[in-house]
Each structure stands twice: as structure tokens, then as C-alpha cells.
Amino acid sequence: MPKDDGIGASVKRREDTRFLTGNGKYTDDINLRGQTYVHFLRSDVAHGRIKGIDASAAEAMDGVLKVFTAADFASAGGIPCGWQVTDRFGNPMQEPKHPILAEGKVRHVGDPICAVVAETYAQARDAAEAIEVDIEELEPVVDMVRALEPDAPKVHDDLTSNLCYDWGFVEDNKAAVNEAFEKAAHVVSLELTNNRLVANPMEPRVAVGDYDPWGDSHTLYTTSQNPHVIRLLMGAFVLNIPEHKLRVVAPDVGGGFGSKIYHYAEEAFCTYAAKVLKRPVKWTSSRSEAFISDAHGRDHKTKIELALDADHNFIALRTETYANMGAYLSTFAPSIPTWLHGTLMAGNYKTPLIYVNVKAVFTNTVPVDAYRGAGRPEATFQIERLVDKAARELGVDPIELRRKNFIKPEEFPYQTPVAVVYDTGNYHATLDKMLELADCAGFEARRAESAARGKLRGFGIAHYIEACGIAPSNLVGQLGARAGLYESASVRVNATGSISVYTGSHSHGQGHETTFAQVVADMIGVDANSIEIHHGDTSNTPMGMGTYGSRSLAVGGSAIVKATNKVIDKAKKIAAHLLEAAPEDIELKDGKFSVAGTDKSVDWSGVTLAAYVPHNYPLEDLEPGLEETAFYDPSNFTYPSGAYGCEIELDPETGKIDILRFIAADDFGNIVNPMIVEGQVHGGLAQGIGQALLENCVYDDQGQLLSGSYMDYAMPRADDVRGFTVDHSCITPCTHNPLGVKGCGEAGAIGSPPAVVNAAIDALHRAGHTHVKHIDMPLTPSRVWAAMNG
Amino acid sequence: MGKVTMTVNGRARSAEVEGRTLLSSFLRDGLELTGTHVGCDTSQCGACVVLVNGQAVKSCTAFAADLDGAEVTTVEGMANPDGSLGRIQQAFQDYHGLQCGYCTPGMVMSTAALLAENPKPTEEEVRHYLEGNICRCTGYQNIVRAVMAASGQDVGALAAE
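Sequences listed follow chains A and B, in order. To convert, note that position 344 of the first sequence is 343 in numbering that gives the first Met the number 0; the numbers rise steadily by one, no gaps. To convert, note that position 156 of the second sequence is 155 in numbering that gives the first Met the number 0; the numbers rise steadily by one, no gaps.
For reference, chain B alone in the conformation it holds in the complex (with noise of 0.2 Å):
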């Protein structure tokens, strides 16, 4: 056991962990941060998805104690100051991104990190990036909308091919 301290949603938190323990388990169980999902065992799922110093990671892949001193955003961080749904949350609630939940904050996660690196993608870049999550209700077309919308491009452009 040994002690990880880690700068989580802004806030600096700690928590005794083993080495074994997954920066997912870190979230859930050590620090009550549960809106972070585990969906699989072989990194292919994606709803576990955090940003670690601005990278979408896969926090069932990573190992708490490797990550001391790392700045993590997860699905809890993503709300405006106010409390109100953020920019891509509230894209996801206009568009029907989402049906029941489990893989939503993965998605939002990935698309944080997509729309950080590449502001404006196209509809093949943003199906080509969410390749990483899975999500088995939706889809993925209202995801796809939603993700265009929260980037600020006309939905309505969409195309059949």
C-alpha cells in the first residue's frame, strides 16, 4: 500500500492504494467518484474514460500509483461553475446522445479530449475517434450529432453516405 495523491476535478485528494489498484477503482472506491463506469476487462469498452493531464486514458488500463501528482478531469468535472449541464453534456441532452447512461461519461470524456485537439472534426474524424467506446443503445448517430453540436457545426449536415 502506498499513499497516491492526485489534483482530481481541481481538487487535490489522496488515498492509500495497492499497487494493483486501477485509477478506475481509485475513482469509484477510494475516492467516491462513481460516475466513472467500467463496461470491460480488456480496454475495448471505453466507458471508463478520464482525462489525465488533458489525454483521454482509459482509467481501467492505468495503475493509480504510476499517476502521483496527475491532474485528472473526470464525467463529475465537466459541469459549468454553476452546477448547469456543460457545453458537451448539453449537446448530449439535445441530441438524445444518450440512452442508459453507463457508457455517456466515457463519451463525454473522449469527446473533450477529441474537441481539445481538433475543434472542428468532420463526421468521419468523430466516428473514427469514439471507435475507443462503445456504447449498445444509441447507436452512435444521435452521439454523432451530438458531438458535431457541441462543436458548434450544423447537424443538419449529417449525410446518409
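Chain A with its partners taken away, still in its complex shape (with noise of 0.2 Å):
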């Protein structure tokens, strides 16, 4: 029978009870003894060489300690980018500098230029007006096909143009691929634009730079989803900081997404000037400095193309995608419309021969990054509408084309032609069940009374695929990773039996508190509550890489099982010495050690007291003790699938979509928590359909962002998402890590927009529009209503 806390357990989480009374402790709330606060004089133009900055009167004004400008970086080095791509001719990305502050030149709307540091915030506000800075505004070059013209104004004066890199995959196959299109009896195509986010956590990113002269050493306060990434690239590369003298801590974290990933400039700004002034430095994002300075996500321009042959089986697929950089490289920018795009284009589906082009581009924008889903969205979204309008120009089912082309249960492993292996799948199972829930008997008799109120109603579904777990360090450096991809953990044993994991990964709003201690309560047989789990300080946890890419448990979970199995192999020496018996005879099982096939037994605690008080301990062969390491670095990533079905019903007189139900069949292997599960495929739906239906950065030419607030950037709202079914029953475990755990944090998000758009042009074919291919995302009524009408 499974523990009512163990693995598999709908545990209503411990962290809620802090979050919910007030006493969460996000970064914000960390105020230290003779703080500063920092505000910075960021650009208001997207292009601009600067000429002069006077801040002395600013520097006269009350309360100010400093005006930083970038000459008082340059020791310093730029915030770096941690991953190069490798062009399609062998050739490194262009990589230019991203300094702290800018130097020479300004490159988007919100690129920091001087930061005052004053006794209250007000103050330093005040102080920012004063400053004069004469910029030389330049033409600036937003469009991504504009700025690959030969006459474009170039972002960075000492790169050769805009191209930060042309990469295709896989090269050798394109001839290939050219040949199949040629020879195909249908070729489908579709240009599309994967629209430009902007995460959002609820929480704006804030930083507290701390330092003690005594010890010369740092404190960095962030909102981080990975403290020790930010330890490594701000230590090492930007402010030459070892990493014994410098301490990171995400505490409690509202929110990622993605676009906390990041090392971002604020955070070396607050931890240097902390040292220069010798008082703890702070800074609050506002929301609207947020829009102007959080990596943005997505932002894709892509032509798509699938080749079929007579009896309807894909052949043969290509792509070229212009993807927008923004002004700098941020940390793991140029691998998301790569790495985590191009291996993706396989979709769920045999298709043989693939190419993938990819151009990315420096444009006067705010950086573009990894934004939850992070290239697989993009992928997806290519993949499933061109799927569906393959199915419209053939006159066959969309249902029936995907299962056709579908990987077969009994086909995985699957070795793809653009490099991954699937582990295991079954896509059909998701499909079926999807389809189930969906209800599609009842489709026909829902869409009449929809017609008879005037409304037209559409039923869409979209499969995905996505790569999780990032990833086996050994791949990811062949591709171009600067950094290794595992995750680790230490669990410390306490005397009297109680337990205390110290995990790599970070939760700011995943759950790891409970779900972790479950995992650990299940392996061991105690109750989780005597088990606490730490995270986001580098100072006591062990290096790990963080949370992103729906790692956590697929590869911190994984380490928290390896360094749990270590302390129980340990632990059974123990026992077997206090039990007299071999330590191949004890078994553990409830928290009690026994030898196998008798009466004698100790309980875990009994244990856990002989590690810490060795009276009786066999001392020459075993240190006393109980606590553990361990890093785990899978051997592939994890293939989350799912089928997703939206019905929608569309306002013909306006063009409003509104979300009537949405149905998630979802694979993510094991299950852990099914309530956190369910929360978090909600979550991601949420912010697919938003990207579907409301969600827009729109710059204008002269790159100015005209969706800074969210009175222009329509985050979904209560009554703007509903309907949600989430099963997760259909489960083919990973194969290749100990909890056979796939991830779920980002499937929602993956899954979703494609199968609104979908739904949409379902319901306006219906309708007899047949005429509307394709709409842009979001599909807005305005959108919607000039595509019917036009």
C-alpha cells in the first residue's frame, strides 16, 4: 500500500502555510543594516551613441553616495553568455560584449547607462532626473529581416552585421532533404511568426549586494532560479570573485519562467557597489522597468514546409527561422532556437528527413532568452498547425493524418533524424484519451446550439513533444554548453532520525519542499515532515545547476535518489553491525531494518543514533556519521508528449475567441504529486492560451516598446482561461532515470497555442470561411474579425 505521504500522494504542500500568512521571504523583503538603494538611469531611446554624462549635480543632491557609470567598470568584465553556437560553416556566433553599464553606446529602450546610490529610494529617483546624458541617437533596426540587409545599422559597431549566427541542421542533410521536396506528391507550407513574450513572474526580479570588508567577502540577495549559475558566471567572468568569498541566495522566489535563469547586469552592479560604498546595495524592479530589462522569450519568424508522399506519409520536412536575439547575448540565448528547437522538429512523428535553418539576429531590443517552453513551444507550434493545414489541403482528418504519421508504442527507442533518441512514448494512448475526454460525440450537437445563439464554434488539437531533464553534460558541451547539466544534492542524516536535504535545484512556486520530501520519505519509510529540504543557498548547498527545462525532479529529484541510496547502503552497515548479521541480509522496509527471514529488527532511528553516538560501531571499517552526496547526470534527456483538444466558440460579430473547454492528456512518465502536476499543466496552459489569444510585446520602429505595462500587455485573467481537464493517466516511465519521471512544468505552455489556433481555424472553416489559412498569434478579435472579412 503507497505511504499517504510517499511517492504518487496528492500531499497538499507545507510551503503554502508561509506563503499564505504572509510570511513567504522573497528578496525583497530582505532589508540589511545601512542599506542603499540603487535606481538606474536606463535609455530611453533604442539606438544612441553616448556623448557626455554629467552627474555632478545629481552627486550634490541629498542623500546620494554615487553615480556609477560604465568607467567605473572597467576592471569588470561583460556578462556572459553561456553557450556559443556553431555556424553552419564551422564558425563561431558573433558574441559581443554586454557590459554592466552601457559603454559608448545605447542598443535598446532600458539599457542601463548610470545607477545612483542613495540613502532612500526616492532619493536616488529624484537624483536620476538630474543627470544630463547627451546621446546621439541612431537609426535603429528592430525587423530581423531589416537587420540582415547589407545597408542595416549594425547593434554592435565592431561585429560584421547583425547575423549572430546561420545554423543548419542537420547540414549534411539537406541535400537530401531538397531531393524528397522535389520528389514529393504534396508539399505544405506555412509562414508563420511565433509572437514576442514576456514572462512575467509575479514577482519583479530585485537584487541585494552585501559585503563584508573584515572577510572580503560577498553576499548577493537575487531572484534566481539558479544561484550558483549566477555564483559561477558573476564570480568568474564578471566581477573575478572566487567562490569561496562570494555567497549567492535565492530565497523564497515569486515566480521564473525562464527569465530568472539569467545573470543579469543588476545583480554584479548591487554586489560591486556594495564593496566600493561598504554598504549593502539593493534594488526593486518596478513592473514597467521589468518590460524594459527581463529577457524577453520566443520571437521567432518562420517559414515551414513538409513534404508528403501519395499515401499521405511525411517524407520529408524544413524550416527557416529568423530568431530574434535582441541587443546582447543573455545567458542561454542562442541555444533556444537551436539546440532546444531544431532537435524538436520531429515532432511526434517518422518523419525521415529533416533541416532545420536558423538565423539569429542582433536587433535594438530588449535580449530575447529562454521563456517557458523555451524553443519546444516554437517547434511545436510550427509543427502542429502545418500539420493541421496538411490535413485541410488533403481533405483528410487531422486526427487520422497524426496517427498515421505517429512513432509507433512498440518503435521507441526512437532515434530521430535530428539527433535525439525518444526513450518512450505512446502516442496514441494520448490521443485516444484526449479524445475521450473531449467528448467529440457530443462536438456536433454543441456546435448547433453555439450556431443558434450565432456563434461559431471550432474544435482543434495539437500533439507535442518536448526534451526535458537538460541534460547529459558530455552532449551538451559537444553543442556548445559552457556549462555542465546535472544536479546534486546532499542528505544529512540528523542523530535523533530526522532529515535534511540540501538539493541544487530551486523551487519559486514548483513545490520541491513536499514533493522532495516525499520521494525521500518513500525511499526510507519515515514520515516526510521529519524531512525539511533546502535549497537556493550556495553557501550550504552543494553546486547544482538549478531550475529550468522541467528538470528538477527528473535530474535533482535524481540526485536526491542517489544520495539517498547512499546513506541507506551506509545505514544498513550500521544496521547489520547492530543486528549481527551480513549487510546483504537487511532490508529496509517502514523505516525498520531487519534481517531477512527473522524476527530481528531496528528501527531507523536506532540507526541513525549509532552513526552520531558510535558506541557501539564498527569504527575500523566504517566512518561514524550519515550523510551523503551525490551528483546525477542523466544519460539523455526526457520525452514529456500529450495530446491536447481545445474547443472554442468565436463571436462572428467581433472576432472574440472564447475558451470553452481545453483537454490535457499528458504523459510525464511517474507521477509524484498528482495535485502539483495537475497545478503546474494548468499554469502552462494558461500561458499558452495567453500567448494564443492576449499576450503581445510589440515594439514599434523605432524600437520603442509600445506593450511596457500591463495596461498594453494582456496577461490572462480569471475569466479569460477556464475549462481546464487534466489527466495524466497515460504513463510510458523514463527509462533511464531512477524515478522514471519525464517533467511537467512546461508541457502546458508547449501545447497549448497550436491547438487554440487550431481550434479557431476550425470553427471559421466551419463556418465557411475557408479562406483563412492561418492567423498570427495572438488571435485577437480585431485579428480574427479582419481575417474573416478580409
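No wet-lab data here; the hints were simulated from the structure. Please read all numbers here as calculations on a predicted model, not as lab measurements. Treat the hints with care, as some may be off.
Computed cross-link-like contacts, DSS-like style, restricted to lysine-lysine with a CA-CA straight-line distance of at most 30 Å [what the hints assert, rightly or not]: (1) A/Lys599 - A/Lys571; (2) A/Lys11 - B/Lys119; (3) A/Lys50 - A/Lys153; (4) A/Lys407 - A/Lys349; (5) A/Lys588 - A/Lys571; (6) B/Lys2 - A/Lys24.
Mind assembling these two chains? They're in different frames, but the hints should get you there.
See below:
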């Protein structure tokens, strides 16, 4: 019988009590004695040359301690990029310097020019208004295609062009792909945009730098998904601070969705300025500032083509994508449109030949990096829109066309033509489950009821595959990653049997404190309440890579399993000594060690006490204590997949789309906490539906961000998203991690956009608007109405 | 600067404030009640909602100096007298109506205001009322379930459409 607080139980979250009572400790809740405040004076033009800065009046104002400019950071490095992509000719990408404060030029609206540190925020803000910055405005480049024209203004004068890289994958397949297209019975093509988004975790970014002159040591409190990565990047590449003198703490963090992975200039600034001023320095981003300084997401323009034979088998796929990098390379930006996008272009299908071309482009916009899903939503959107379009053009059922081309359950492990090997999956099962839950039989009656009210009803589906649990370090190293992508855990068993777990993963809403405790409780058979999970502080957690890419359970959880197994192995040796038996005869069950086939046993706490009070202990063979650390480096990605169905109603008078029901049937492998998994899918769906219907990050042609606040950027609200039915009963466990888990954090955001758009196209076609082949996201009422009536 | 006195969570509290000091800053910085969060600067997100004389107010939009003598309730004042989770808080935990927790104080306070004026809201009424509170994590479905549960209604009845 499963433990009621172990693996598979919907245990309520222990972290909720502090969040619900106002006792969470977020970075902005940290106030240090003698703290000062920084306000960044940011560029209000997209492209310009800095001719001069006069901060003398500001520096003379009440409470102002110092105005920093780029000159103060002459000895510091630039903000580093963590991934080097090699282009299709074998050359490294172009990699411009990303200074902490603008050097010589400003390159996007929001680029920080000066930093004013004062006794209060108000004084810092007031003083920033007194700084005179002489900027010669330059013509900005905002559009990606324009950016690659020979006469386009250059974002970085020292680069040869605005092209970061021109990447081909798999370059050696290109000729064969083109040949297949020439022989194809049918070719279907689609041009589309994956709209630029802003992650918008509800907690804006915050950094507090502190310096201890007596120990020459630094502490940075920051809103990060991966404090160890920040410590490594900032310490080694920007400020030249060795790890033992730099502690990075990411306490409670109010959501991330990718945007808090990266090392940002403000973190380095606060850390450095605290040493200069010998006072703590705090920065709290406003929401308006977040829109022009947090890394954005998506922003691809793509042409995709599918070749089919006469029997409607997919025989080749090729794509050409422009991917916006923004003005500088954010930490993982180059990897998103390449290795997290190109490798997923097989989707769920047996397309034997695939060629993906990506041109990454610098523009005078905020840097673009991973946002929930990161590359995989872009891949899925293209494939699933195109397959739907193919079915319409061929006059076949889009569901049957998918089934026909799916990789079959017996064909796993499956080597795709784009490098990755899917370990497990059953796409037919998730599709069938989704269709069952969607009540397709009742659709026609529901459609007629809508029609009676003058509304158009449509049903759209999408199937997705994603690669999670990033990633085998040796593989990503070959692909250009400048980091390993293992995860770490230390399991410290205390003398009386309670357990403190230190993980390199970071929880910013995912509930690790609950789920990781479930895993350990299940393995040892003790009460989950006797286990505490610690995360987010580099001073007490082993070097870990953090939380993103749905990797926490698959990689971080595996590290915990590995460390716990080491603990159990040692504990069995101690138990064997206490029970005067051989270690191989010791069994652990329900928190009790017993000698197989006998009634001799000792409790968990009897063993742990012996480990720390080793009076009766095999000291000659075994060290005292019970504490183990493990690093887990995955041997493959994990491959969650699922089928999504979306039923919408469209008002032909206005073009407004309402989501009526959304069915998600996912295969996440094994599940530790179903309640949390469901919550993760809900959140992902809301973000994906937000992308499909509401959200859009818009620049004008002068590089001004038009959608720079919640007045202009349409976040999904409580009556925009509804009717979620979530199922995760189709399980094909991951074959290469000890829990058999795959990851569930991003699925909703990956699978939902194409399902929504497919549903809208379906509604329009059923109503006779068959000239509408595609509408770019977001499907706002005006866009839908224009497409219908165009 | 001027002195402002309010009754916050049942206790008289005073602090010196500038004319431009927002209620949210008064609570967070002046009184160290950091449960009230600030998620935007355009009065859109609702993370900062508190009750002022029983009404839901976005505390980032109110000047502390205007509220001398007011009765304010923040999320820190929502637990039962014995310290256990209050009815609304408990429902949010039971129905997984929070993830990162950042919007949660505002959600709890808006829910308190809703249920005070409409003790048995329909799902539509809940969704409409919470339009001024943005959550980026949950997709709202479990928040709506939590509010329905806090009002003593059957959450199984949440319809697909």
C-alpha cells in the first residue's frame, strides 16, 4: 500500500502556510542594516551614441552616495553568454560584449546608462532626473529581416553584421531533404510568427548586494532560479570573485518561467557597488522596468514546409527561421532557437528527413532568451499548425493524418533524424485519452447550440513532444554549452533520525519542499514531516545547476535518490553491525531495518543514533555520521508528450474567441504528486492560451516598447482561461532515471498554442470562411475579424 | 513628513510618512508587514490588495497620509486567533490555489472582500471579481475552486463551460 505522504500521493504543500500568512521571505523582504538603494537611469532611445554624461548635480543632491557609469566597471568583465553556437560553416557565433552599464552606445530602450545609489529609493530616483546624458540618436534596427540587409544599421559596431549565427541542422541532410521535396506528391507550407512574449513572473526582479570588508566576502540576495549558476558566472567572468568569497542566496522567489535563469547586470552591479560603498546596495525592479530589462521570450519568424508521399506519409520537413536575440546575448539565448528547437522538429512523427535553418539576429530590442518551453513551443507550434493545414489541403481528418504518421509505441527507443533518441512514449494512447475526455460525440450538438446563438464553435487538437531534464553534460558540451547540466543533492541524516536535504534545484512555485520530501520519505519509509528540504543558498547546498526546462524532478530528484541510496547503503551496514548480520541480509521497509527471514530488527532512529553516538559501531570499517552527497548527470533528455484538445466559441460579430473547454492528456512518466502536476499543467495552459489569444510584446519601428505595462500587455486573467480537464494516466516511464519521471512544468505552454489556433481555424472553416489559412498569434478579436472579412 | 496612525490587523500602528508614501510602502517598509506584495506600478496586478475599512483596496494606489485613522487588514491578519490558517487560507492550501505565493496575499484579501459582500458567489462571479488580481502560476482554476470552497460550496460543480 502506498504511503499517504510518499510517491504518488497528492500531499498538500508545506510551503503554503508561510505564503498564505504573509510569512514568505522574498528578496524584497530582505533589508540589511545600513542598506542603500540604487536606481538605474535607462536609455529611452533604442540606439544611440553616448556623447557625455554629467552627473555633478545629481551627486550633490541630498542622500546621494555615488553615481556609477561604465567607467567604474573598467576592470569588470561583460555579462557572459553561457552557450556558444557554431554556425553551419563551422564558425563560432558572433558574440558582442554585454557591459554592466552601457559603454559608448545604448542598444535598446532600457539599457542601463548610470546607476544612482542613495540613502533612499526616492532620493536615488530624484537624483537620476538631474543627470544629463548627451545621446546622439542613431537609426535603430527592430525588424529581423531588415537587420540582415547589407545597409542596415549595426547594433554592435565591432561585429561584421547583425547576424549572430546562421545555423543548419542537420547540415549534411540538406541535399537529401531538398531532393525529397522534389519527388514529393504533396508539399504544404506555412509562414508564421511566434509572437514575442514577456515572462512576467508576478515578483519583479530584486537584488541586494552585501560586502564584509573583514572577510573580503560578498553576499548577493537575488531573485534567481539558479543561484550557483549566478555565482559561477558573476564571480568567474564579471567581477573576479572566487567562489569561497561569494555567497548567492535566492530565497523565496515569486515565479520565474525562465526569466530568472539569467545573470543580469543589476546583480553584478549591486554586488560590486556594495564593496565600493562598504554598504549594502538594494535594487527592486518596478514592473515597468521589468518590461524593458527582463529577458523576453520567443520572437521567431518561420517558413516551414512538409513533403508527403501519395499515401500521406511525411517524407521530409524543412524550415527557415529568423530568431531575435535582441541587443545582447542573454545567458542561454543562442541555444534556444538551435538545440532546444531544431532537435524537436521531428515532433511525434516519423519524418525521416529534416533540415532546420536558423538565423539569429541582433536588433535594438531587449535581449531574448528562454521562456517557459523555450524553443519547444516554437517547434511544436510550427509542426502542429502545419500538420493541420496539410490535413485541410489534402481533405483528410487531421486526427487520422497524425495517427498515420505517429511513431508507434513499439518503435521506441526511437532515433529521430534530428539527433535525439526518444526513450519512451505512446502517442496513440494520449491522443485516444484526450479524444475520449473531449466528448467528440457531443461536439456536433454543442456546435449547433452555439450556432443557434450566432456563435461559431470549433475544435482543435495538437500533439507535442518536448525534451526535458536537460541534460547529459558531455552531449551539451559538444553542442556549445559552457556549463555542465547535472544536479546535486546532499542528504544529511540527523542523530535522532530527522533528515535535512540540500538540493541544487530551486523552487520558485513548483513545490519542491513537498515533493522532494515525498521521494525521500517513500525510499526510507519515514514520515515526510521528518524531512526538510533546503535550497537556494550557495553556502549550504552543493554546486547545482538550478531549475528550468522541467528538470527539477528528473535531474534534481534523481540526485536526491542517488544520495539517499548512498545513505541507505551505509545505514544498512550500521544496522548489520547492530543486528549482528551481514549487510546483504538487511532489508529496509517502513523505516525499519530487519534481517531477512528473522524477527530481528532495528528502527531507523536506532541506526541514525548509532551513527552519531558510535559506542557500539564498526569504527574500524565505517566512519561515523550519516550524510551523503550525490551528483546526477542524466544519460539522455526525458521526452514528455501529450495530446491537447481545445474547444472554442468565436463571435463572428467581433472576432472574439472564448475558450470553452481545454483537455490535456499528458504522459509525464511516473508522478510523485498528482495535485502539483495538475497545477503545473494549469499554469502552463494559461500561459500558452495567453500567447495564443492575448499576449504580445510590440515594438514600434523606432524601437519603443509599446506594450510596456499591464495596461498594454494583456496578461491572462481569471475569466480569460477556464474549463481545464487534465489527465496524466497515460504513463510510459522514463527508462533512464531512477524515478521514471519526465517533467511537467512546460507542457501546458508548449502544447496549447497550436491547439487554440487550430480550433479557431476549425471554427472559421466550419462556418465557410475557408479562405482563412492561418492567423498569427495572438488571435485578438481585431485580427480574427480582419481575417474573416479580409 | 507627517505622522500617520492606523489600526492594522487590530493593533494601533503609527509611522512617519512622506506625502508620497504609498500604503503598500507604509505597510512593508514602515511596519515590516511584508506579506503585502507589489507586483506592478499601474494598479493592475492586485498583489497589494488589503482591506481598508472593510473594502478591498490596491495599497499601491493609496497614499498612507490619506488614511489616518483607517482600519486596515492585511494577509498577516487573516489567520485564526490560534495561529492556524483561516478559512480562506485553508481553502487555498486544500485546493492548491497558489504556487509561487507572490500574488497570494492579494488573492486572499480580494476573496475576503468578495465573500463579505457575496457569501455564495457563482463561478462566473468569482472569475469576474478576481479580474483585478493577476496570477501567473496557477491558471486560476484552482484559485476559483479555493474561493468556492471557502464559501462553503461544492467545488466539484465547476463546469467545463
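With the threshold set at 30 Å, check whether the alpha-carbon distance from lysine 599 of chain A to lysine 571 of chain A stays at or below it.
Roughly 13 Å separates the two Cα atoms, so the pair holds.
CA of lysine 2 of chain B to CA of lysine 24 of chain A, is that 30 Å or under?
holds, 28 Å
Regarding the pair lysine 588 of chain A and lysine 571 of chain A, is the alpha-carbon distance no greater than 30 Å?
holds, 11 Å
Regarding the pair lysine 50 of chain A and lysine 153 of chain A, is the alpha-carbon distance no greater than 30 Å?
Holds, because 18 Å separates the two Cα atoms, which is no more than 30 Å.
Given the hint that lysine 407 of chain A pairs with lysine 349 of chain A, test it: the Cα-Cα distance must not exceed 30 Å.
At roughly 9 Å apart (the allowed maximum being 30 Å), lysine 349 of chain A and lysine 407 of chain A satisfy the hint.
Taking only the CA atoms, is the gap from lysine 11 of chain A to lysine 119 of chain B under or equal to 30 Å?
holds, 25 Å
Taken one by one, the earlier hints all hold for this structure without exception.
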